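**Student:** Spelled out, the chains give:
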Amino acid sequence: DGGITQSPKYLFRKEGQNVTLSCEQNLNHDAMYWYRQDPGQGLRLIYYSQIVNDFQKGDIAEGYSVSREKKESFPLTVTSAQKNPTAFYLCASSTLTGTVEAFFGQGTRLTVV
Amino acid sequence: GQNIDQPTEMTATEGAIVQINCTYQTSGFNGLFWYQQHAGEAPTFLSYNVLDGLEEKGRFSSFLSRSKGYSYLLLKELQMKDSASYLCALLSGGYNKLIFGAGTRLAVHP
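Protein chains in written order, with this note's numbering: chain A, 32 to 144; chain B, 66 to 175.
One thing to keep in mind: the hints can contain errors.
What the hints assert, rightly or not - Derived lysine to aspartate or glutamate pairs resembling DMTMM-like cross-links, with alpha carbons at most 25 Å apart: (1) A:Lys-40 <-> B:Glu-106; (2) B:Lys-122 <-> B:Glu-142; (3) A:Lys-40 <-> A:Glu-55; (4) B:Lys-146 <-> B:Glu-120; (5) B:Lys-122 <-> B:Asp-70; (6) B:Lys-141 <-> B:Glu-74; (7) A:Lys-88 <-> A:Asp-61; (8) B:Lys-146 <-> A:Asp-69; (9) A:Lys-114 <-> A:Asp-69; (10) B:Lys-133 <-> B:Asp-70; (11) A:Lys-101 <-> A:Glu-55; (12) B:Lys-133 <-> A:Glu-132; (13) B:Lys-141 <-> A:Glu-132; (14) A:Lys-102 <-> A:Asp-90; (15) B:Lys-146 <-> A:Glu-132; (16) A:Lys-88 <-> A:Glu-132; (17) A:Lys-102 <-> A:Glu-132; (18) B:Lys-122 <-> B:Glu-79; (19) A:Lys-88 <-> B:Asp-70; (20) B:Lys-122 <-> B:Glu-74; (21) B:Lys-122 <-> A:Glu-132.
Claimed, not checked - Label-pair distances were calculated between CB atoms; the ranges are: (22) A:Lys-102 <-> B:Tyr-135: 31 to 37 Å; (23) A:Thr-128 <-> B:Thr-109: 19 to 25 Å; (24) A:Asn-57 <-> B:Thr-109: 17 to 23 Å; (25) A:Thr-51 <-> B:Ser-132: 42 to 48 Å.
Derived from the structure by calculation, the hints contain no laboratory data. Values in this document were obtained by computation on a predicted structure and should not be read as measured data. For every residue, glycine included, the Cβ atom is placed at its ideal position computed from N, Cα and C.
All chains should be modelled from the sequences, with the hints used to inform the complete structure.
**Tutor:** Now the structure itself:
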């Protein structure tokens, strides 16, 4: 079955450590997105990418980095420069033509202690 | 830049109809989405509008007026399971930037 997979579902890290969240899709989608969601809040865009080897900063890119070496994969690294990294992280993908509906992964809940 | 506004919370009665409004400002409009999100879960797609008018899909309908920067989601025959957050999202710009509003938490009571 086609879909978008995020791993792990829960992640714990010590303060000051970098951590990488995985996002893989087999939907043949060109566009991929990373969002952060804090309790009771909406989704805020971190980074997005339309094609391999190209990506754009979203509204809250500071303290995060991404890569897009393959069409299927868009990993997000939360660096030690991110002041408050504990949050729910969601990855999404979509086509660039047609309905362009974004499909979401199940999310990774990151807790930094 | 882009800006999206929607009410923070709404309540409604089971079996009733509720309308959730969304207003936005943007340049380079490419489309508007509505998503449903239950607590702790990923958002799921409800509707997509790119042209003015009403799109109907079962109990859910969505309306768009591009000239007014306005959309609404209409939910009919409300069920308890419709208690969730409803997110308005805007696709804009040459790079298809997809941004979300803060969401409207809907509580359906008996």
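**Student:** A separate judgement is required for each hint: does it hold in the structure or not?
**Tutor:** Hint-by-hint comparison with the structure:
no.: 1; hint: A:Lys-40 <-> B:Glu-106; in the structure: holds (11 Å)
no.: 2; hint: B:Lys-122 <-> B:Glu-142; in the structure: holds (13 Å)
no.: 3; hint: A:Lys-40 <-> A:Glu-55; in the structure: holds (13 Å)
no.: 4; hint: B:Lys-146 <-> B:Glu-120; in the structure: holds (22 Å)
no.: 5; hint: B:Lys-122 <-> B:Asp-70; in the structure: holds (24 Å)
no.: 6; hint: B:Lys-141 <-> B:Glu-74; in the structure: holds (18 Å)
no.: 7; hint: A:Lys-88 <-> A:Asp-61; in the structure: holds (17 Å)
no.: 8; hint: B:Lys-146 <-> A:Asp-69; in the structure: holds (23 Å)
no.: 9; hint: A:Lys-114 <-> A:Asp-69; in the structure: holds (14 Å)
no.: 10; hint: B:Lys-133 <-> B:Asp-70; in the structure: holds (13 Å)
no.: 11; hint: A:Lys-101 <-> A:Glu-55; in the structure: holds (10 Å)
no.: 12; hint: B:Lys-133 <-> A:Glu-132; in the structure: holds (23 Å)
no.: 13; hint: B:Lys-141 <-> A:Glu-132; in the structure: holds (23 Å)
no.: 14; hint: A:Lys-102 <-> A:Asp-90; in the structure: holds (23 Å)
no.: 15; hint: B:Lys-146 <-> A:Glu-132; in the structure: holds (23 Å)
no.: 16; hint: A:Lys-88 <-> A:Glu-132; in the structure: holds (20 Å)
no.: 17; hint: A:Lys-102 <-> A:Glu-132; in the structure: holds (17 Å)
no.: 18; hint: B:Lys-122 <-> B:Glu-79; in the structure: holds (19 Å)
no.: 19; hint: A:Lys-88 <-> B:Asp-70; in the structure: holds (22 Å)
no.: 20; hint: B:Lys-122 <-> B:Glu-74; in the structure: holds (23 Å)
no.: 21; hint: B:Lys-122 <-> A:Glu-132; in the structure: holds (15 Å)
no.: 22; hint: A:Lys-102 <-> B:Tyr-135: 31 to 37 Å; in the structure: holds (36 Å)
no.: 23; hint: A:Thr-128 <-> B:Thr-109: 19 to 25 Å; in the structure: holds (22 Å)
no.: 24; hint: A:Asn-57 <-> B:Thr-109: 17 to 23 Å; in the structure: holds (19 Å)
no.: 25; hint: A:Thr-51 <-> B:Ser-132: 42 to 48 Å; in the structure: holds (44 Å)
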